Amino acid sequence: MKETKDHAALAEAFNADEPRVNWHDETLWFIRQKRDKAAHTVADWELLRETASQIKHNVLSNLHDYLLQFEANAKANGIIVHWAADAAEHNRIVHEILQKHGVKQMVKSKSMLTEECHLNDYLSEHGVEVIDSDLGERIVQLAKEPPSHIVLPCIHKKKEEIGDLFHEHLGTPAGMADPQVLTEAARQHLRETFLTRRAALTGVNFAIAETGEFVICTNEGNADMGAHLADVHIACMGIEKIIPERKHLGVFLRLLARSATGQPITTYSSHFKKPREGHELHLVLVDNGRSIQLGREDFRNSLKCIRCGACMNTCPVYRRSGGHSYHAAISGPIGAILAPNLDMKKNADLPFASTLCGSCSNVCPVKIDIHDQLYKWRQVIVKEGYADTKKTLGMKAMTQAFASPTTFQLAGKAGRWFMRHVPFAVSNKMNPWYKQREMPAPPKESFGEWYLKNRKKKNE
Amino acid sequence: MTVGLFIPCYVDQFYPNAAIATLELLEKLGVEVVYPSRQTCCGQPMANSGFEHLTKKSNNLFIENFRGFDYIVAPSGSCVLHMKDHLHSGKYPNETEAMRGKVYELTEFLTDVLKVDKLKARFPHKVGLHQSCHGQRGLKLAQMSELVAPAFSKPEQLLSMVDGLELIELTRKDECCGFGGTFCVAEEAVSVKMGKDRVMDHLQHEAAYITGADMSCLMHMEGILRRQKSNVKVVHIAEILNAQEI
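Chains as they are written, first to last, in the numbering used here: chain A, 1 to 460; chain B, 1001 to 1246.
These are calculated hints, taken from the structure and not from any lab test.
Treat the hints with care, as some may be off.
[Unchecked claim] Result set (DMTMM-like, lysine to aspartate or glutamate): computed pairs, CA atoms no more than 25 Å apart in a straight line:
no., chain 1, residue 1, chain 2, residue 2
1, A, K34, B, E1095
2, B, K1233, A, D44
3, B, K1173, A, D65
4, A, K75, A, D65
5, A, K159, A, D25
6, A, K376, B, E1095
7, A, K367, A, E18
8, B, K1173, A, D369
9, B, K1056, A, D372
[What the hints assert, rightly or not] Between beta-carbon pairs, the in silico distance windows are:
no., chain 1, residue 1, chain 2, residue 2, range
10, B, E1156, A, E46, 17 to 25 Å
11, B, K1028, A, S291, 54 to 62 Å
12, A, K100, B, H1088, 53 to 61 Å
13, A, E245, B, D1163, 56 to 64 Å
14, A, A177, B, M1200, 23 to 31 Å
15, B, T1002, A, Q263, 52 to 60 Å
16, A, L452, B, H1088, 51 to 59 Å
[Claimed, not checked] So the derived list for chain A, only partly shown, Cβ under 8 Å to chain B, looks like this:
no., residue
17, I93
18, H95
19, H248
20, I381
Keep in mind the model is a prediction, meaning the values are calculated, not measured.
Each residue gets a CB set at the ideal place from its N, CA and C atoms; glycine is no exception.
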C-alpha cells in the first residue's frame, strides 16, 4: 500500500478503470439490496435497531463493570484472560502464548482486530507462519494485500484474478475461474491446515458479561474447524465487544447477518465457554485506543459497531473508490470515524471522503450517527491543524467575502464574484470542476439585481 | 404572514430563475415575501470543510437579515439543514433557537405550513426527481430507502399537482449525486463518477428534465449532462411548480 497517497488520489487511481468501478459498485449495491429485503422481513426492524443501540449505550456507559464481570466469569469457566493496552502488547501476548507451546504455525479465522494490530506481520517477523482460514481473507493473504472490506475481504477481486492466484499458490489449472472448483481447492488446502495446526486464533463477535462466554459468527465454519482441532485456542477481542446478558444475543444475531449480507443469520453462531480437557483457551482483551474514543463524547457511539459492513455496502463513495482507498484496516464510513482516533495525522483525509449523504447512519444496525461524526471529525481535524495550508487560506478568504454583503453585491455582473471566490468556479484545466463538467452559464443578472429592479421599486 | 426569502449564494449568482420562481410561487399562494438584500451565504461550504469556527460572522449576518420574519424559506434543502443544525451565535444567543425552528425548505413549507393541495401549474414533460440527501435524509422531505417505514414524499406530492407532468421511476431512487460541497473538487474522480451514474439512471428512464429541491446537486448534474452534450435539462422544482407551459 502506498501510505503517502490520500483517499482522493487512491480513489482517482481506482477510477481509471470505469467498467471495473461499475462492477464494484453493482456488486456491493446488490448486497445493499439483499440487506433491504432481509430488513423488510422483520416488521419491527427499526425497533430492533433502536434496542441494539440502547443495549450498546448501556454497555459503553458501564464498560468498566461489565469487563470485570466478564473477566471473573470467564476465569471461573477456565478461560485464561489477558489484557492488552495497545496493539504492541496484544501482539506480544499472542506471540508469548505460541512460544510457550513451541508453535511455529498458526491458523487464524477472521479478526479485524488482528488486522488493526498488524498481527500477521508481527508474527511473521518472529518466525511464526499464519494462515488465514476465512476464504476471502486467505485470498487477499495470497495476494499480499490487506482486506478491502470487513465482511467481504476480497470483494475487489474478480473470480478470474482469484483463479490466477490459486493457480500460482494452490496448483489449480491455469485459467480456471469456476467458483466451485476454486472453492473446492481452497477447502482441500485449508483442511490440511486445520488438521496440522496446534494453535488457532479467532476473533470474537460478542462476549457475554453474565456468563463469561463468547460467540463467533462465520459462514464457513472456519473458526470452529480451527479452534476444535487445535490444542490452543486464542480469541482476541476489542473491549467494546461486550454485551451484558445472553438474552441480548437474540437482538444482535438477528441484526448482524441481515445487515451484513441479507442472510437471516450467519451459518455458524458458535458459543465458546470453556476449554476442552487438556486444552487451553486464551482470551485477549484489547484496548488500543478504545478508551480514548470512549472519552470523546462526540465519537463514543462509534464503539457500538458490530462490524457488519452495511455502511460500506451502502456508501456511494466506498462503492466507487474501493476499500483500499481508505488506507486503514477498517475502511468505509465506519473506518473513517474510527481511524482518526488511532492516528489523526495519517487519517486526516478520511472524514472528508464523504458527501455526508447520511445513508450509512440509516443502515447502521446499532444506529451510529456516522455521517454526523464525519462532520464533527472534520472540525476536530482542522482545529488540530491537520488541514492543508492552501485549503485553510482559501476558506479564510471565502469567509471574509461572505461576511461582507458589500463585497458580495458590488461584484458587478452576475457570476463574476463567484468566479473569483469559489474554488470550483473557474473554467480552466487546473480546475477540478471543469475537468469532467461544464461550468454553469452565468446569467445576465443575479437574483439580487433582478429583485432590485422588479420588486424593490414596487415596495418603495 | 411575512416570509423572509433566503436565496443560497450560488442560486443568486448562477440560477436567478430558480429564485424568481420561488418568489413568484409564494406570492401566488398569497404570502407576503421580503428578500433581505444584505444576505450572502449560510456558511455551509466552510463548515462542511471543517471550518465551522469561521462561520460566526455569516451566522450573525444571517440573524440580522432574517430576525423578525414569521418564517424563513429557501429553495434549498442543504442550506436549510445547515441553518437548522448549525446556526449558533454568541452575539445573539437568545434568537438562534427560535430562528432554527422557523427556517423551512420550500417544498416542506408548501406542504406543511401552507398545506397546499392544488396548484395552477402545467409542465407537460417527462421528469426525473433527484432526491437530494440533505433534504431527504436531513430534513426528511421523503422516506428513505434504507428504513423499514411507510413511504411519503413531499416533493412528489407537489409534483403530482402539476398538470401534464409525468414523473419517471428511477432504479436507485435516493442515491447521492456526489456533489457534496467542496467534495465535488476535493474528490473530483468519485464526485464525477457518482454524478455520471445518477445522470445515467435518469437518462435510461427517458427523463427530459431532472428536477429537485437543491440546485447544487442539479448544477453538478447539469455540468455532466452538458459535457456529454445531452439535451436533458435540469430545472429547480420551484420552476416546475410555478410553470405555465401550454
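Structure-based check of all given hints:
1. A:K34 - B:E1095: Since the Cα atoms of K34 of chain A and E1095 of chain B sit roughly 47 Å apart, the hinted pair is violated (cutoff 25 Å).
2. B:K1233 - A:D44: Given that 25 Å is the threshold and the Cα spacing comes to 41 Å, the pair is violated.
3. B:K1173 - A:D65: 46 Å, violated
4. A:K75 - A:D65: Given pair K75 of chain A, D65 of chain A holds - Cα atoms ~15 Å apart, limit 25 Å.
5. A:K159 - A:D25: 16 Å, holds
6. A:K376 - B:E1095: Given that 25 Å is the threshold and the Cα spacing comes to 24 Å, the pair holds.
7. A:K367 - A:E18: 33 Å, violated
8. B:K1173 - A:D369: This hinted pair holds, its Cα atoms lying about 22 Å apart.
9. B:K1056 - A:D372: 20 Å, holds
10. B:E1156 - A:E46: 17 to 25 Å: 22 Å, holds
11. B:K1028 - A:S291: 54 to 62 Å: Because 59 Å falls inside the window, the suggested range holds.
12. A:K100 - B:H1088: 53 to 61 Å: 58 Å, holds
13. A:E245 - B:D1163: 56 to 64 Å: 60 Å, holds
14. A:A177 - B:M1200: 23 to 31 Å: Since the Cβ atoms of A177 of chain A and M1200 of chain B sit about 29 Å apart, the hinted range of 23 to 31 Å holds.
15. B:T1002 - A:Q263: 52 to 60 Å: 56 Å, holds
16. A:L452 - B:H1088: 51 to 59 Å: 31 Å, violated
17. I93: Check failed: Cβ of I93 of chain A comes no nearer than 38 Å to chain B, outside 8 Å.
18. H95: Not OK, violated: H95 of chain A not within 8 Å of chain B, min 40 Å.
19. H248: 21 Å, violated
20. I381: Because about 6 Å separates I381 of chain A from the closest Cβ in chain B, which is inside the 8 Å limit, the hint holds.
Figure legend: structure checked against the earlier numbered hints; hints not met, in rising order: 1, 2, 3, 7, 16, 17, 18, 19.
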